[in-house]
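Peer 1: Each chain is listed here by its residues.
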Amino acid sequence: MENRKSESSKGHCKTLGADQFVKLLLVHESRVRGFVTSLMIGSSDGDDVFQSSCLAAFRKLETFTYTGDSPDEEFVRWVCTIARYEVLQIYRKRRTSRTLFSSELVAELADMQIQYSEQLGSRAEALAGCIQKLSSREQQLLRLHYGQALPIAEIAKRINRTANGVYKALARVRSRLLACIQHKLKLEGLSS
Amino acid sequence: MTSNNQFKNQHDSADDLESLLTKFALKEHSEADLVKLSALLSESEHARWSYIHAVHLGEGIKGWSQTQGVVDIWAVLNLLHESDNLQDRELASHLEELAVDDARLARGPRLSQQVRAAHRQRGVNGRNWWQTVRSWQKAGLAVAATFLLAVSFWQGFRHEGDVSTIDEEFFARNDAVIPNVEYTLSDSENVVARVTSITSDVAWTHGREPRDFLMRFRPGDVVGMEKGLLQLEFSSGASLIVESPAMLQVTSATSARLSRGRVVGRADNGNFTLLTPTANVVDIGTEFGVGVSNRGTDVTVFEGEVHVHSLLGRVEAGSMQRLQTGMSVLINPQGLSNSHSVSHQPHFQRSFDRSTRILLDENSVSLLDLIGGHDSTHTQIAGSIDPKTGYWGRPPWMDPHRTKAQRGDTQFAQTDWNSMVDGVFIPRSNAREMQIDSDGHMVYLPPNSGSTWGPIWARRRFDPIPEQALFSAAHQGYWGAGTLSQVVDRLQQTRDGLMGLHANVGITFNLDAVRESRSRELAYFKAIVANLASSPRGDDPKANSVADVRVFVDGKLRYSRLQFGSNDGDASILVELTHEDRFLTVVTTDADGDPLFDLVVLIDPVLEYEPAKPLPSHLEVFL
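Note that the protein sequences, when read in sequence, are chains X and U.
Using the working numbering, read the first sequence as starting at 27 and increasing by one per residue.
Using the working numbering, read the second sequence as starting at 17 and increasing by one per residue.
Just chain X, with the same shape it has in the complex (with noise of 0.2 Å):
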């Protein structure tokens, strides 16, 4: 596999070499997670699902093409595709489960985001701008919650602050982000 030479034609088709694989894992791999959380919300098994659809999807590496000039999106897509399939067996184990969402309603959301799984990368490519524009502090608190993965109640704790002061100050931080993607996209013309 390592040796194997990248984007080799198949015709109009181009394969993916194994270094090339982990770059475009590294790259997307937010929008992937993305992928899979929104399928297992509320459940923990969510790392779990990711990197056995990672495993799965190296060990299928042969079977993927892409015909575009660049593989990124159709690299996604086919990841995402196989994480679906990794997903709906963790339901099937669990269908007595009441926290997990339906069967359909599971479905109905993963063939959403790969249908316009383009969309979805301009809006996380709108996302990395938008954080520059953070100020520097409300770019610390992301990071304190969602790169050191604390929970509200610890970083309050920490601060000297109430939990709800934390919270609200996330929630705001959020919305900023959201208003600021949809403008960036509306000034792109990719408003949706």
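Everything labelled a hint here was simulated from the structure, so no lab data went into it.
Careful, some of the hints might be misleading.
DSSO-like mimics (lysine-lysine), calculated; alpha carbons at most 27 Å apart, straight line [claimed, not checked]:
no., chain 1, residue 1, chain 2, residue 2
1, U, K78, X, K194
2, U, K78, U, K39
3, X, K159, U, K542
4, X, K183, U, K39
5, U, K572, X, K159
6, U, K52, X, K194
Predicted model only: the values in this text are computed from it and were never measured.
Take the given structure of chain X and dock chain U to it, following the hints.
Peer 2: Chain U only, in chain X's frame:
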């Protein structure tokens, strides 16, 4: 259902969805919320898209967060504090419950209005910085009505080179002869003069280099030059251009002794005394030149009036000659005077216009010059500010031979000697909020030792750097005076120079005043930050201590670099400034509760102006 009810239900539903999504995004949801969300998503495509966007937003933030460095938890605290005051009244009550200083919070808005008004007034009528420096001289120094030049000729003057002998004999005699001339050597804590300009070819007389890293002089300090030119500025307002070879002793804010060389002095207030080795005293007003050589002492008046008192010789001893503009006199070693025209006098360097002088960048203001005590239109060699009081030039330590930590008093100290420097402070040790500018902006800073070392200082680079003047083993750790070898080494690698901010100090600049000085808008604050931490004792485990640097604009954090030591190298600071920004604050804190060896420096710090707008074409004809 009426249309109004339909609208209300839709609105409630949207609120429910948003509220629910936030809960999920922040992992604060319950099982009941999950059921509710599931129902909403099943019903509405809009809800499903909102949900998908919310989840992807969270994962995107998470992905970005994981590529970032250390989290500044104190920045978060400041964010919440800002939210408390400006956006969320409900949360303000929580702050009170948490025993945040109510009085300080309540005082904030009132202080803000008062100070803003006062500050704007000050921006227009900015007080000259020397006015303040002078104010602390007035108590101990008599001010003469005219410029006083005391010229005494030492009989053995031809034995040049034995500097210490010259000084001792010369000064001992004149101290006895001129009882009315005040030069209070006991007032050694005060800085009374400083070097403001220097040529790059300066060569110091061995053992007579300026001892102070910041080129300041206390009464009794001697400077000797074999080559080059320097300009001295006294806190009385007088200035001297000293031309080598020269030997000069600063004796007070209004007097000095010249034992060789040439000086051109200017004292608009006419209150300066210059002593030379001949036994003569000369009163001088405004601008004069004095040269001391083997043939005696030449005195020339360029403008105003000079009174020359003879202290040595046979005929004129004790007498006085008045010299007017254009007149000159030579006092020979026998104390005899010969008046002659200016054309026969030695050439005096009346202005400091050597091509080697540091050029001012028209597109930026160097913070080095502001800390150096001047406005944005002149370069300054060096300067320092006491971080506790805001006083300019006065050393913040008591014993010049021993370093001492200085504890803060938790107060922001507003300065009044330069309208562009708003004030200074030593951060509070207990992580409580603190005022950082005269507009009353409050921020939280991390817990620290509450003490700092030495002054906030600035030192411009010039070549060659006189080694002895900068580094003295006897003053190791003497931050900002004698200094450390790594500071000297780093100075040599700069474009403009260094600004020293030992851990646990803060300084705020008034951006409005900087704009007004050149009638231009500001675009950026730029600098490079490094920690030159190192212990003179190589085996000291604290040699690699770490510090934090934060930059606030109007109380909002715009830049931070945390827990960095000397091994972490340099980092660039780039803070974009808007037209509305008023105060820029740079704060250092010890990141480990110990301020020892936290030698934080800003390299080449500047406030950069927006590019100048081109003149309208119809006005270009006037240029």
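Peer 1: Hint by hint, which ones does this structure get wrong, listed from lowest number up?
Peer 2: The structure conflicts with no hint, since it agrees with every one listed earlier.
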